[in-house]
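Number of protein chains: 2
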Amino acid sequence: MQNFVWFNPTKILFGKGTIPAIGRETAAWGKRCLLVYGGGSVIKNGILHTVVTALKDAGVETIEHGGVKSNPLLSHVQEGIAKAKAHQAEVIVAVGGGSVLDSGKAICAGSVVDHDVWKFFTGKKSVKSALPLTTVLTLAASGSEMNSGMVITRDDTREKFGFGSQQLFPKVSILDPEATFTVPPDYTAYGAVDAIAHVLEFYMTKEDQATPVQDRIMEGLIENAMESCDRCLADPRDFHGRADLMWTATLALNGLTGAGVGRAGFPMHMIEHSLSALYDVPHGAGLSVVIPGWLRWRARTDTARLEQLGGRIFGISGMDKASAAEETVVRLEQWFARVSSPIRLAQLGIPAADIPAIAANAVKLAKIWRLDGYSLEVIAEILRLCA
Amino acid sequence: MQNFVWFNPTKILFGKGTIPAIGRETAAWGKRCLLVYGGGSVIKNGILHTVVTALKDAGVETIEHGGVKSNPLLSHVQEGIAKAKAHQAEVIVAVGGGSVLDSGKAICAGSVVDHDVWKFFTGKKSVKSALPLTTVLTLAASGSEMNSGMVITRDDTREKFGFGSQQLFPKVSILDPEATFTVPPDYTAYGAVDAIAHVLEFYMTKEDQATPVQDRIMEGLIENAMESCDRCLADPRDFHGRADLMWTATLALNGLTGAGVGRAGFPMHMIEHSLSALYDVPHGAGLSVVIPGWLRWRARTDTARLEQLGGRIFGISGMDKASAAEETVVRLEQWFARVSSPIRLAQLGIPAADIPAIAANAVKLAKIWRLDGYSLEVIAEILRLCA
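Keeping their order, the protein sequence lines are chains A and B.
Take the first sequence: its position 345, counted from the start at 1, is 345 in the numbering used here, and no numbers get skipped.
Take the second sequence: its position 90, counted from the start at 1, is 90 in the numbering used here, and no numbers get skipped.
What the hints contain is simulated information worked out from the structure, not anything from laboratory work.
A hint or two may mislead.
Which copy is meant is left open, because identical chains are indistinguishable; a pair holds if it fits in one copy or across any two.
Dumping the calculated SDA-like pairs for lysine to any residue here, alpha-carbon to alpha-carbon at most 20 Å [said to hold, decoys possible]:
1. Lys-171 - Phe-7
2. Lys-16 - Glu-377
3. Lys-16 - Val-5
4. Lys-364 - Gly-311
5. Lys-11 - Ser-129
6. Lys-128 - Asp-156
7. Lys-171 - Gly-255
8. Lys-16 - His-49
9. Lys-364 - Pro-20
10. Lys-16 - Asn-3
11. Lys-125 - Leu-278
12. Lys-321 - Val-5
13. Lys-364 - Asp-354
14. Lys-367 - Arg-154
15. Lys-44 - Pro-185
16. Lys-16 - Pro-212
17. Lys-44 - Lys-69
18. Lys-83 - His-115
19. Lys-16 - Asp-186
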């Protein structure tokens, strides 16, 4: 096990009927808030109304900043920062999925500095302080509700970059599984894929050493992401299925899986970010294409991890290492296909001819994230395995 | 899944060479500290010296309060509170295992009030504020390093009571697996038993509902407690074995296993507390006696959980439910015996004739902990299954 620091001060309120608590939880941090949200769903299902009412009842003065898109844009974050400054917001409230929460975090960071917020993403500036953030989660996927990271796409350059800071853990996140009852099947599946990808980034990390307790937790999370997703697809109003998927996705990226495992690097995310930045595909859909290709490339040098994974979660046995590793990838791929998440670039409408351009975009992030082995050629080779 | 609140603000520094960081981490909370520790081991292995030097280098003025015993006593806590008040301590530093950390917590709570600290344990007063606590852990067992609870024995009445408060999470806990290299085989095993007991209290809780992700995490922790303990016994200086056991024991009682599972009640601990309060047996040794008896009693009404546990961690299959549950208890018991942890009252030197007196002691705690089903008769019945 490698040395690590664990620190995660986010308070989670989990369960049925918890959303109105956003009023008192937010009031504890400030009396003037910027309320960040996305498109229609939180309006249609009444969650935004519940939040607005709760904030009003708690005496929190609110300015709204709706319209966050999937693969959230820097320009919209910048507008939010301008509003927060003009309104002298003391706290940011984000209501939605990972895109909304990530936008909220970026606004928290950008509202207390004079320079452009993008400088945090390119590593030119680091966060010294930030506005406090409270959140209401409506999608089980990104884990943003209990971590300090975020990903934003810069409009003009189509760079989808991410960063994190200890200042940016949400103070409070409210997770009511009922808020996800109306998530459609495709986004339910993409959320489960995202959670699986987060676990795999740590499970397959290069710097791995013997970490048996983390391994078992990670294997359990992957099994559970698949099982709970299956239950949600069979019955979108299965409370326990939704609850399991929601808490699984949170645990998949709150520090638990990575503690002691070493620096993960996030190569699958690095490559996927280019797919969704260039083609605006949903993050989870991009990931279910990248995961099998990347795993096949990785299996050439690290068959043992895949063999263990397949043995434990799919019961694969009686094969040589290489076949067991390949069979593990096939089983994962089959599950992605069964929940209608794409597994090849063509299914995303991306022609193989675009691979060099995608690789050229991705390699920029590989440099910023210090993913040393990922040259233009290596990324192109992995992408060909996704074609 | 049931509603829950997750909040755990303890910062963990884990790994080789982390102990000297106690200086700066403590200095961040105060410049005058009371240093709480136990008997000889931290002096012999040099850890106390490292801590004292680090505190001095960081400019923290230190008063020592050594001599905490296993099954720590209220009188010693009260002395510590008097010292902390006289010294105007701003922060408490605890260096040792669960007994020392628990004493540190009680001193933190008692040093800011005028009434006797025992009132917190009997529920007559609740904690409103406390001194901050930093810790260096030297035993993988109690989980006290990352939770807000503690257990103390009142000298005159031999009541071993516990309570918790959000004010009492350690601010920082330092976990260096090398600090446990010199833990002797018996206490290494008792620590693993303690971790397993913590997991089982939640796994077997009455109010359990479908919690598949928590189940898998808990099953993984139990498997890992056994495996890592075996490694530590085979080679006390196996760094990764010690590291696995240490982190497993922390995760076994930091809120993770219980989140969404419901109120656990801790009936096995309730009964064991009477054993160690009345006979001063090590907590883990008492637990390995209580666990099989309590599980056999529980299996009469809740075979399904034990069947699942045995199937997943021991591979038990092809039996009817009741036999599978009994086989699960037998396998656990065999493992306890293999690591030389006692499994019957007689091995602790406790005659069956004492059962009524033990039950009479335990039922007091059952009332305070609101364990409604646990009458004098029920506790005596369970104890007979431990005989």
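For each hint, the structure was consulted:
no., hint, result
1, Lys-171 - Phe-7, "both (13 Å within a copy, 10 Å between copies)"
2, Lys-16 - Glu-377, "neither (49 Å within a copy, 38 Å between copies)"
3, Lys-16 - Val-5, "between (32 Å within a copy, 12 Å between copies)"
4, Lys-364 - Gly-311, "neither (36 Å within a copy, 48 Å between copies)"
5, Lys-11 - Ser-129, "both (19 Å within a copy, 19 Å between copies)"
6, Lys-128 - Asp-156, "neither (27 Å within a copy, 53 Å between copies)"
7, Lys-171 - Gly-255, "both (16 Å within a copy, 18 Å between copies)"
8, Lys-16 - His-49, "within (17 Å within a copy, 51 Å between copies)"
9, Lys-364 - Pro-20, "neither (42 Å within a copy, 39 Å between copies)"
10, Lys-16 - Asn-3, "between (38 Å within a copy, 7 Å between copies)"
11, Lys-125 - Leu-278, "neither (26 Å within a copy, 60 Å between copies)"
12, Lys-321 - Val-5, "neither (34 Å within a copy, 43 Å between copies)"
13, Lys-364 - Asp-354, "within (16 Å within a copy, 73 Å between copies)"
14, Lys-367 - Arg-154, "within (17 Å within a copy, 60 Å between copies)"
15, Lys-44 - Pro-185, "within (17 Å within a copy, 61 Å between copies)"
16, Lys-16 - Pro-212, "between (34 Å within a copy, 18 Å between copies)"
17, Lys-44 - Lys-69, "within (16 Å within a copy, 61 Å between copies)"
18, Lys-83 - His-115, "within (15 Å within a copy, 51 Å between copies)"
19, Lys-16 - Asp-186, "neither (24 Å within a copy, 45 Å between copies)"
In summary, the structure is inconsistent with hints 2, 4, 6, 9, 11, 12 and 19 from the numbered list given earlier, while agreeing with the others.
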